[in-house]
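Okay, here's what each chain looks like letter by letter:
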Amino acid sequence: MSEPRTLLAIDDVSKSFGRVTAVDGISLDIRENEFFALLGPSGCGKTTLLRMLAGFETPTDGRILLDGKDIARTPPNKRPVNLMFQSYALFPHMSVRANVSYGLEMERLPSAEIRSRVDAILGTTELVPFADRKPEQLSGGQKQRVALARALVKRPRLLLLDEPLGALDKKLRGAMQLELKRLQHEVGITFVIVTHDQEESLVMADRMAVLKDGKLLQCDTPHAIYEHPADRFVADFIGVMNFVPGTASIDGVMAASGARIAGKVPPALSPGAAAVASVRPERIRLFPSADTANRTTGAVEALAYQGLDLQLHVRTPLSPKPFLVRVTADAADRRPVSSGDQVELGWDAADVRIFKE
Amino acid sequence: MAPALVWLTALMVVPCALVLALAFFRRGIYGGIDYTFTLENFGLVFDPLYAGIFLKSARIAGTATLIAVVIGYAAAYATAAAPRRWQPIFLFFAVLPFWSNYLIRTYAWIVLLNREGLVTQLLRWFGYTGEPPSMLYTEGAVIAGLVYNYLPFVILACYAPLSRLNPELAEASRDLGASAMTTFRRVILPLTVPGIAAGAVFVFVLSIGNFVTPALLGGGRFQMIGNLVYDQFLTANDWPFGAALAMALIAIMLLVLMAQALAADRAAGRAAEVKADG
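Keeping their order, the protein sequence lines are chains G and X.
Under my numbering, the first residue of the first sequence carries the number 239, and numbering increases by one thereafter.
Under my numbering, the first residue of the second sequence carries the number 224, and numbering increases by one thereafter.
Just chain G, with the same shape it has in the complex (with noise of 0.2 Å):
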């Protein structure tokens, strides 16, 4: 397979407001065609990063080349990128078909080819019910479908989308998840989310990126970032983790409650400075086999109960933290555990992410 072409680069970028710096010198590619999420906490610098590709903040350093072309300076109603805003943004004083038709008109395009790429946008959104409604008669899904229809129908080279989905429900979202990903793979357009969510971004991302404190601490796929955090930071921010603080040794981490975590140790870190061995949830078994690499004893606190599988707090002599252990329901059905139970606990080395604490 070709490597994929690469649609924006995002070189060396930075933002600063006064003495606050937003943006601090991301670079960052995205490919054609990809589902590209921008993740990270509230403060991060991602909505100003999105707002830069969008055209309304201009960089203070770098440059955003688009098809190799640098548009950090081009108005926003002068690039073939269109965004969808958090709060939808949809024109009060106009039905949905007035709409979504606006951007096709700024185009100053034949009303009549205006007339059938809005009706080939509504159907696909399922919007053609509603097509005469003003925005305050539809419901929040319908009001997001509308934004996304809007920005579509203009066939942007890049569809960016802040924070689509936080306004809806949570069951819904679920739904507006899948429906994204099918839209985006219908129409082929490269798309940019920006989502402080990363159950969200696990979802739907082909690829994505977390920042902090506008810094870039990682850039990949989902599987990769959640099998393989970059540091101690997106370990704990995607997805859960049980962390075991100590200092590092040749192969793991010594706890300071004298036992040994075996892993692997980053080259980076040299043997007696502070680290912290983590696993997820899942890759913990209960009972373990007596050749299991890492094993502790720990009396269960709480059991959350949640369908397909069993959430286990264990109290552990390793961390402060109780052990967060999931265990498919069926592993629990053949020996059921209760609060208050000693258990035995036990994973692999391969499992064993170790950091710099």
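Since the hints were made in silico from the structure, they are not lab data.
In this text the structure is predicted, and so the values were computed from the model without any measurement.
Cβ atoms here follow ideal geometry from the backbone N, Cα and C, with glycine treated the same way.
There could be a bad hint or two in this list.
As the list claims (entries may be wrong) - Partial list, computed: chain G residues near chain X (C-beta under 7 Å): (1) F294; (2) P314; (3) N315; (4) N320; (5) Y340.
Please arrange chain X on chain G, whose structure you already have, making use of the hints.
Relative to the frame of chain G, chain X by itself:
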């Protein structure tokens, strides 16, 4: 509710009813009132002489309204676009003239527009040596006075919808390919029309019945309806005709206010209908 009704009856309904009743009587030969029923007074209102003054008043009020809306909207726009902490300060300066008396504010314009007033002095300072321009006691001076006095109403009425406007709407318009001008014309302006209408009605209604400004800045012979009513009551001693003129003026104001209320009501009704339907 009840005290308000008493208040309204005593101060609004009774005086208006008295004036209305007055309009149906004859003028006494030596002034005073001859209590015989007649519709003559209303007929006289449509006499070309007086109808002309009505039209002129409407024209002057209309011009003042137009100018006040353009300036007031621009000022409100600039205020709403300013950093949040500056906005109350700008608004404070906009309404500052209200702290002084209407008469004094209008007199200030005499000082400005006088033959050897501030404007002329300023022109001289720039090297102008000819005859001083005659600005005072013109229609222009009256319009300037009306605009100046009622501008704060327009600024406040337009600021409200402009400051509530979601800034992302303008950004969305730009994002979809519209220029700044098109964004203003197709998104910002239509969404702030209710504020413009409210401000415009205010200026128009207050201007068309005004008599202080035309009397002071228009000179003694300059007449608007307000001056005509004033003259009938206080100079010509023709109270019945003055009452008929006042009623005609009130009718015009009511029509304008009703038209605005109807338009606002229709907009609100449409919204309500939409909600019930959805």
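Against the structure, the hints come out as follows:
1. Nearest Cβ of chain X to the Cβ of F294/G: about 6 Å, under the 7 Å cut. The hint holds.
2. Interface hint at P314/G: satisfied, since its Cβ lies 5 Å from the closest Cβ of chain X, which is below the 7 Å cut-off.
3. The closest approach between the C-beta of N315/G and any C-beta of chain X is roughly 5 Å, which is under the 7 Å cut-off, so the hint is satisfied.
4. At about 6 Å, the closest approach between the beta carbon of N320/G and any beta carbon in chain X falls short of 7 Å, and the interface hint on this residue holds.
5. Given the 7 Å rule on beta carbons, the hint for Y340/G holds: about 5 Å separates it from the nearest Cβ of chain X.
Violated hints are absent here; each numbered hint is respected by the structure.
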